[in-house]
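Model the full structure from these sequences, guided by the hints.
Numbered per the UniProt record's numbering, the sequence shown spans residues 1 to 64.
Watch out, some of these pointers could steer you wrong.
Simulated DEER-style distance windows between Cβ atoms [stated by the list, open to error]:
1) 19 x 48: 16 to 24 Å
2) 14 x 40: 31 to 39 Å
3) 3 x 51: 17 to 25 Å
4) 47 x 23: 20 to 28 Å
5) 33 x 62: 36 to 44 Å
6) 35 x 61: 37 to 45 Å
7) 49 x 15: 18 to 26 Å
8) 30 x 53: 41 to 49 Å
Straight-line C-alpha distance at most 20 Å; calculated DMTMM-like pairs for lysine to aspartate or glutamate [said to hold, decoys possible]:
9) 48 x 33
10) 48 x 60
11) 58 x 45
For the record, the hints were derived by calculation from the structure and aren't laboratory data. Please read all numbers here as calculations on a predicted model, not as lab measurements. We put the beta carbon where it would ideally sit given N, CA and C, even for glycine.
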Amino acid sequence: MPIVHVHLLSGRTAEQNRQIIREVSEATAKSADVPLENVRVLLHEVPKSNWGTGGILKDEVKSD
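What follows is the structure in structure tokens.
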């Protein structure tokens, strides 16, 4: 049973999270050749104040 962990910045809607889980599950099932119902996806939402890029906190960086 594949277990996929996805780390991403917090702030997405429940619908966006559903779509991420659905699409990651489908891609994993296809590439691992396993039934979709055997795929587990865990979203780990990290606040911008706990995410750093290039030594700078994400909440201090202007959005793209």
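Any of the earlier hints contradicted here, and which numbers?
-> Per hint list: 2, 8, 9 violated.
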